[in-house]
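Trainee: Numbering (the numbering used here), first residue to last: 241 to 527.
Since the hints were made in silico from the structure, they are not lab data.
Check each hint, because a few of them may be wrong.
Derived Cβ-Cβ restraints for the label pairs, each shown as a range [what the hints assert, rightly or not]: (1) 271 / 316: 29 to 35 angstroms; (2) 448 / 354: 39 to 45 angstroms; (3) 490 / 431: 18 to 24 angstroms; (4) 281 / 253: 15 to 21 angstroms; (5) 350 / 520: 32 to 38 angstroms; (6) 497 / 273: 17 to 23 angstroms; (7) 457 / 483: 30 to 36 angstroms.
Glycine residues also receive a C-beta, built at the ideal position from the N, C-alpha and C atoms.
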Amino acid sequence: MGKSKRRDKAVAEPVVEPVDGGLAELIPDRERPNAWTLLIDGAPQSHVDLDDPRHLSFEYQRRLGHVIDLAAPAGKPVRAVHLGGGAFTLARYLAATRPRSTQQVVERDAALVQLVRRKLPLDPTARIRVRSVDAREGLAKVADGWADLVIADVFSGARTPAHLTSTEFLDEVRRALKPGGHYAANLADGPPLAHLRGQIATAAARFTELALVADPTVLRGKRFGNAVLVASDTPLPVAELTRRAASDPHPGRVEHGKSLLDFTGGAVPVTDAKAVASPAPPPSVFR
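Kindly produce the complete structure, drawing on both the sequences and the hints.
Mentor: Below is the structure:
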């Protein structure tokens, strides 16, 4: 038998390093040659394709991508604040789809930021600034009315911290948004959906227009999962958001208007004094 042919390119190996929030793993995607999945303590956080930053692998990130696409005319540069960085997936997506945009990423885990910068470097031409501080502290440093878009995707130990769930937090979001700007949040919950209902009531206390995008089984309280909440003081592109959610590989449903407020079931807005972290996902979610 002849000698086996030498591979032209070495197979990428996983990277495992401790970071401030736990044990980080960068797992190479065997189907996409320059793509990686970031996990923290076994919980998937981000997926990045360095060759194609427009590719969004995670369901909830595609839904946030729809919000980015619809927040302004196609290709128009925007100013965006990302609360929670992970592997900067959405910041990369926005930079690719809206060149010349200016972005601020707030990611508390400084060691994670350094790992991602080293192993999954950002495009040096992208206007992306990263601050390694608490999300609410970083948001407080954003100038009044600076942002077209604020995206909250913050998890600590797979739970959204309590201080990012309150009306006082949304007061800071509104202060940072310009008139007509959009706020989008990745929320995670399972039956009986008390957290999700409370977050919708909280957003309704601060914004006039709301929409929620989620898998129908999550909305029916059948399983734990993600929901993307979108809020603004101007009408939302509900029809196009509905079309995109329905055509996703994992179709989602959009709730808005009276049906969304009815969904809260009488939940009251959450304040700092009564805020709690989002519920921990069951172990089976990550199996």
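Trainee: Now look at each hint and say whether the structure bears it out.
Mentor: Here is how each hint holds up against the structure:
The hinted range of 29 to 35 angstroms is satisfied by residue 271 and residue 316, whose Cβ atoms lie roughly 33 angstroms apart. Between residue 448 and residue 354 the Cβ separation comes to about 41 angstroms, which falls inside the hinted range of 39 to 45 angstroms. Distance hint check: the CB atoms of residue 490 and residue 431 are about 19 angstroms apart, consistent with the given range 18 to 24 angstroms. In this structure, residue 281 and residue 253 meet the distance hint of 15 to 21 angstroms, their C-beta atoms being roughly 20 angstroms apart.
Look at residue 350 against residue 520: about 24 angstroms separates their beta carbons, and that is not inside 32 to 38 angstroms. A C-beta distance of roughly 44 angstroms is found between residue 497 and residue 273, which places it outside the suggested range of 17 to 23 angstroms. Checked against the hint of 30 to 36 angstroms, the C-beta distance between residue 457 and residue 483 comes to roughly 20 angstroms, which is inconsistent with it.
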